[in-house]
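Colleague: With the hints as extra help, turn the sequences into a complete structure.
Number of protein chains: 2
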Amino acid sequence: MIGRKLTERLLRDAGWGELVLHDVVVPTAPRGARALTSDISTPGEADKLVASRPDVIFHLAAIVSGEAEANFEKGYRINMAGTWQLFEAIQRIGDGYRPRVVFTSSIAVFGAPFPEAIGDEFLHAPLTSYGTQKAVGELLLSDYSRRGFFDGIGIRLPTICVRPGKPNLAASGFFSGIIREPLAGQEARLPVAKTVRHWHASPRAAMGFLIHAATIDTARLGTRRNLSMPGVSVTVGEQIEALRKVAGEAAVKRIREEPDAVIQKIVEGWPRNFDPQRALALGFKADSSFEEIIRIHIEDELGGRIAA
Amino acid sequence: MIGRKLTERLLRDAGWGELVLHDVVVPTAPRGARALTSDISTPGEADKLVASRPDVIFHLAAIVSGEAEANFEKGYRINMAGTWQLFEAIQRIGDGYRPRVVFTSSIAVFGAPFPEAIGDEFLHAPLTSYGTQKAVGELLLSDYSRRGFFDGIGIRLPTICVRPGKPNLAASGFFSGIIREPLAGQEARLPVAKTVRHWHASPRAAMGFLIHAATIDTARLGTRRNLSMPGVSVTVGEQIEALRKVAGEAAVKRIREEPDAVIQKIVEGWPRNFDPQRALALGFKADSSFEEIIRIHIEDELGGRIAA
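Respectively, the protein sequence lines represent chains A and B.
Residue numbers for the first sequence follow my numbering, so the first one is 1 and each next one is one higher.
Residue numbers for the second sequence follow my numbering, so the first one is 1 and each next one is one higher.
Hints in this document: simulated from the structure, not taken from any laboratory.
On a predicted model such as this, the values are computed, not experimentally measured, just so you know.
Treat the hints loosely; a few may be bogus.
Which chain B residues stay away from chain A? Per the calculated CB distances, all over 12 Å, these [unchecked claim]:
hint: 1; residue: Ala112
hint: 2; residue: Leu123
hint: 3; residue: Asp151
hint: 4; residue: Gly304
Just some of the chain A residues that point at chain B, by a computed CB distance under 10 Å [said to hold, decoys possible]:
hint: 5; residue: Glu88
hint: 6; residue: Ala135
hint: 7; residue: Leu140
hint: 8; residue: Thr223
Ideal placement from N, C-alpha and C gives every residue a C-beta, glycine not left out.
Modeller: Structure representation (structure tokens):
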């Protein structure tokens, strides 16, 4: 989803030159972009990918949280070893080649117990294999950048909300579902308490982070090249109030509370709030409120129309 | 050095069963221990190593800081990929096998700027490839432990002081050299200002950490399995004053100040002091003072005798 939206945005903006999309499944490349398919964890594939010496590499990979937890071997092979092989392939070119590498990390590098708001000096303590693999990627990114092999920046995305498309099985799915489905006239299930607080960014804000990361003067980062992105911290109750303001009572009535102890427990281990001072000082911009996040979804995904 | 001292200590203590030493060079195994030599980064070698299903694995590896910085490929291959292959080999046995794994990490996982004393929630921000490789090892240790593949504990050792043996080319060498050489009647070179503060533990304290880590109830660790060990924070000036008290003016006169801007700059990026509350609460014990550190060296390495 992020790859597709980013491609559309880069094609719309001028001056990005040739665009190549790469995925392990055949990516749907919009007109104007070239699509490549391979598994970067296969020896030699990452070398082929960087042989054209791209100026900017967005590494958005790869195996999502739930799958990395269910398939231990695959998560490490693709998310950790695959990232290392990509970085190694860039390093092997040598010859003064030093692309910008934008690595999408995740707030999953953090794990409970947390302070009330997670600051820029809080430790990596992931509670999932996915978070571990992302944290390793961050460390490699910093060291390979320090050694001058590329010019890297890692951005820890908040949970993307409202995520377009069909409901999925991700434990975090309901954060988007309780907004997306009611706006489309569908019922949505709420498996956790309304007091659950979480950290959100719209897809539009996330595109802004990626573009800013690709163009920022990295000398301003110093040696710490991984940043928690700004976001909007709200409780589920506050999400629902924002939905009421934007779309009315009818929409809210489509949310069905159906507590799920398993999901409640998973979500309790997730970050609730951040104090991302470095990213803010470096010009990364969050959505202004959860209402704005809902309005962006209506504008960008629903053509301005919501269900009555 | 740590491997040799640990073996001697384990042989002296009762009840440790069969001892196997493994190194990439032929290890000098004391009587009562078996020696094995191989490169754990070679596929299959780690599997051979764990096939005998040891109850406790001390992973003390491997390529030291200076060499990992000078030889980028070798450091990653041995320190990072080698550690991963060892952990994978344990995981592959399956079958309920779940050894204790004691991983020696390093304060090199931290990098400036620091708070006055580094707490237990401070971020990984290594400024060397060695520190990066150790930080990756810590993350893998936590996740493989969480998944139940082994019962891991990572301990970040302070700089070991007084390190026995000959002077070496490590940037940290002088911390030991300014004590060891004068006690042996030799001249020592001091390349940094006396105001430089650093974090020390004697080899005897380090052995205590390793044994405690091998025997502690890890349920007390919770999900955060990597701990900064306690130590003694002193300036170089305080080290010299302690030497004066223990060995007199004649010893101190053997220290020759010879400023080296390169070493001064490296050392400025190193941690100065810690607040290791978790390790202290878990019963890890530091030396009581730098004077004690000197006395331990005289007792354990010099048979109680110092140069006049």
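Colleague: None of the hints should be skipped; say for each whether it holds.
Modeller: Hints versus structure:
1. Ala112: For Ala112(B), whose nearest Cβ neighbour in chain A is about 8 Å away, the distance does not exceed 12 Å, so it is violated.
2. Leu123: Incorrect as stated: the minimum Cβ-Cβ distance to chain A is 5 Å, not above 12 Å.
3. Asp151: At about 17 Å from chain A, Asp151(B) clears the 12 Å cut-off, so the statement holds.
4. Gly304: 43 Å, holds
5. Glu88: 8 Å, holds
6. Ala135: 5 Å, holds
7. Leu140: Constraint on Leu140(A) satisfied, holds at 7 Å.
8. Thr223: 6 Å, holds
Of the hints listed earlier, those the structure fails to meet are numbers 1 and 2, in rising order.
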